[in-house]
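Each number in the working numbering corresponds to the 1-based position in the sequence shown with 521 added.
These are computed hints drawn from the structure, not numbers from a lab.
From the three backbone atoms N, C-alpha and C, an ideal C-beta is built for every residue, glycine too.
You may find that some hints are simply not true.
To be verified - Derived SDA-like pairs: lysine to any residue, alpha-carbon spacing no greater than 20 Å straight-line: (1) Lys-641 to Ile-695; (2) Lys-767 to Phe-717; (3) Lys-685 to Lys-767.
As the list claims (entries may be wrong) - Pairwise CB distance ranges, derived in the manner of DEER restraints: (4) Leu-914 to Thr-868: 49 to 57 Å; (5) Pro-729 to Ala-889: 31 to 39 Å; (6) Gly-623 to Glu-753: 35 to 43 Å; (7) Gly-623 to Gln-598: 44 to 52 Å; (8) Phe-839 to Gly-623: 22 to 30 Å; (9) Thr-735 to Ser-622: 13 to 21 Å; (10) Ser-751 to Pro-729: 29 to 37 Å; (11) Ala-721 to Asp-881: 42 to 50 Å.
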Amino acid sequence: MFRLSAVLLMLAVPVLAQTTSQDEWQDWGAEDWDFATQTASTPVHGFAELALGTRVVDSPFHSGTSLQDARLRLESQYQWNGISLVAKLDGYYDGVLDNWSGRTRELSAQFTPLKNLDIKAGRQILTWGTGDYLFLNDLFPKDWQSFFAGRDDEYLKAPSDAVKVSAYYDLVNINLVWTPQFDPDNYISGDYFSFFSPWAGGLIAPQPGLSAQTPNNDEWALRLYRTIESLELAFYGYDGHHKSPKSLTETGLPTFSRLRAWGASARMPLGAGLANLEISHHQSLDDGNGDNPRIPNSQWLVLVGYEQELVTRLTGAFQFYLEHTSDYAALLTYSPFTQWETEQNRTLVTTRLTWRNATDDLSLSLFAFFSPSDEDAYLRPSLDYRLNDQWSLAGGLNLFSGRDQHSFFGQFEDNSNAWLRVRYSF
């Protein structure tokens, strides 16, 4: 079921050999593995949740229902011989697709073979970078369908089947992540939301959802980071593929072209708030000259952000984001649809306002994306209310608008929706 089960076992055995005596190994048999006892002493918690969503505009492709989930989450953590085992399991009914599904959100083992070295292997959530809903150097998989439908923000980050090695030194700290088999985004495919296809010349919503040709290659991601007084610095590297199928094969099938990225980020206090800067270069390895219209060009990505408390319990944040497309002249020369190509410099501005009441059981939030270059926007107002330690509810809107239906947010205008979630935690 899990691609990393063999890898996890190989990593665990040497550590156990170091921490377990020969007599203990001889005594470690099936008769001593009292699963019922282990399970009974391991706490299990989680939540049950109902989520509903409806479109606020008519769609020519889908019914009015945009979200209909009944979900049960079970999670537990267990310590055994210096190894931390974590399991998070989701079972849910998806009323939009009318199917039952079980997903492993996390199933991992973490151990410390050396005092300055941690290893975590298995299914896990991986994230880094300084952006708020904007990902420059964080090239781990995302679930865009959940994000646009109104599921909890937790589900924006999709799990990876990976091995993460973390080393800590006085000069620099290191994270190295190896993913044995490429993990793509849960991309917009047409089953939940329609999208614009330049090759089709308009909006499409394939049924069943579009399925891309996925490579079997592995992925590598690297982060070097250090804090100098109040300045947080990090450097990043990635070798793998674009996470969403932005390319086409020679036969016209959607696929994931090769990608290599490197970048850096900085975060520090500034005035009454916190400022961040991040930059990344995405090198399109399959289109070095930018003259293949089936493959995206290389890009430079830049992000500047600032956050501070505006008044008591009200926090404001601002981000400016730039995508600069390389070899833009070649792109226009060879593109079969120049009228739908984005600007060479696509700009995006975001703002976040968050207010919490004095008892911290009510939160109101507004996150707004606006692109001056594309003239499109995306608004995410939301409310979270905690009734008590067990019951909570959340509601909000995903509102898209744009001058052109081929722009990034403009293509989703018919997918604007309202959503509501009720959760019982245990």
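A quick look at each hint next to the structure:
no. : hint                           : verdict
1   : Lys-641 to Ile-695             : holds, 14 Å
2   : Lys-767 to Phe-717             : holds, 12 Å
3   : Lys-685 to Lys-767             : violated, 27 Å
4   : Leu-914 to Thr-868: 49 to 57 Å : violated, 36 Å
5   : Pro-729 to Ala-889: 31 to 39 Å : holds, 33 Å
6   : Gly-623 to Glu-753: 35 to 43 Å : holds, 38 Å
7   : Gly-623 to Gln-598: 44 to 52 Å : violated, 20 Å
8   : Phe-839 to Gly-623: 22 to 30 Å : violated, 40 Å
9   : Thr-735 to Ser-622: 13 to 21 Å : holds, 19 Å
10  : Ser-751 to Pro-729: 29 to 37 Å : violated, 51 Å
11  : Ala-721 to Asp-881: 42 to 50 Å : holds, 48 Å
When each numbered hint is compared with the structure, violations occur for hints 3, 4, 7, 8, 10.
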